[in-house]
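According to my numbering, the sequence shown is numbered sequentially starting from 74.
Do not rely on the hints blindly, as some may be mistaken.
[Claimed, not checked] Subject to a maximum C-alpha distance of 30 Å in a straight line, what follows is the list of computed BS3-like cross-link-like pairs (lysine-lysine):
1. Lys231 with Lys155
2. Lys155 with Lys174
3. Lys174 with Lys231
Because the hints were derived from the structure by calculation, they are not lab data.
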Amino acid sequence: MNAPSPDAALPPPPSTSRLETETLQLYGQTFVLTGSIHSDVVHTEEYVLQGESADNWSQLLTYQRVRLPEPFPTDEYVMLLKRCLEQRGGAPRIRIVQQGKTASLFGIHYLATDRTPEQVALALLTIADPQRPNELHLVQYAVNPARLSLEEMELQIKRWQGRLQSQAASLVR
74 MNAPSPDAAL
84 PPPPSTSRLE
94 TETLQLYGQT
104 FVLTGSIHSD
114 VVHTEEYVLQ
124 GESADNWSQL
134 LTYQRVRLPE
144 PFPTDEYVML
154 LKRCLEQRGG
164 APRIRIVQQG
174 KTASLFGIHY
184 LATDRTPEQV
194 ALALLTIADP
204 QRPNELHLVQ
214 YAVNPARLSL
224 EEMELQIKRW
234 QGRLQSQAAS
244 LVR
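Please model the entire structure based on the sequences and the hints provided.
Structural data, given as C-alpha cells:
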C-alpha cells in the first residue's frame, strides 16, 4: 500500500482537558473519555464507564478512524486482520459474525498480557461515508472478565451484539 496522502491528515490531538470530562451516553450507561491518540493515519479514543479508570475498567468502548491510502472493503480488511493475528500465534482469536463490503461485525478474544487484561470484545468496522471509501470506522465494545460476573458479561455482550448487528445490517451493501 502507498503512504497516506497529505489531505488525509487528522486534526491535532485534543487538549488533555477533554480527558475524564468528555462523556458519551449510550444505552443508559455513561462512558468517560480516558485516552485519545491522533496521527496522520489513525484517530483513537477510549472510553470507560463513569467511575472507572483506564487502568481499572469493566467495560471499554473504543472508537477508531483509520485512513488508508486506497479503498479497502471491510470484509477484506477483517480477513487480512484475522490472517495477520493468526500468524503471530497466541494472538487474539477473531470470529466473524456478519460481513459485507461496507460493514463487518466480528468478535475478538484478547488474552491477557503484561500490559493489558483479558478482553472479550465485539467490533463493528464500517465505511461510514461512501464518498470516502478509504476511511474505515471501528467501534469496539469490550468487557474485562476479571471485573464482571459471567452472567453480567454474557448479558452485556448479547446486548451490544444486538445493537451492533442492527447497525451493521443498516450499512451492509
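Against the structure, the hints come out as follows:
1. Lys231 with Lys155: holds, 22 Å
2. Lys155 with Lys174: holds, 16 Å
3. Lys174 with Lys231: holds, 24 Å
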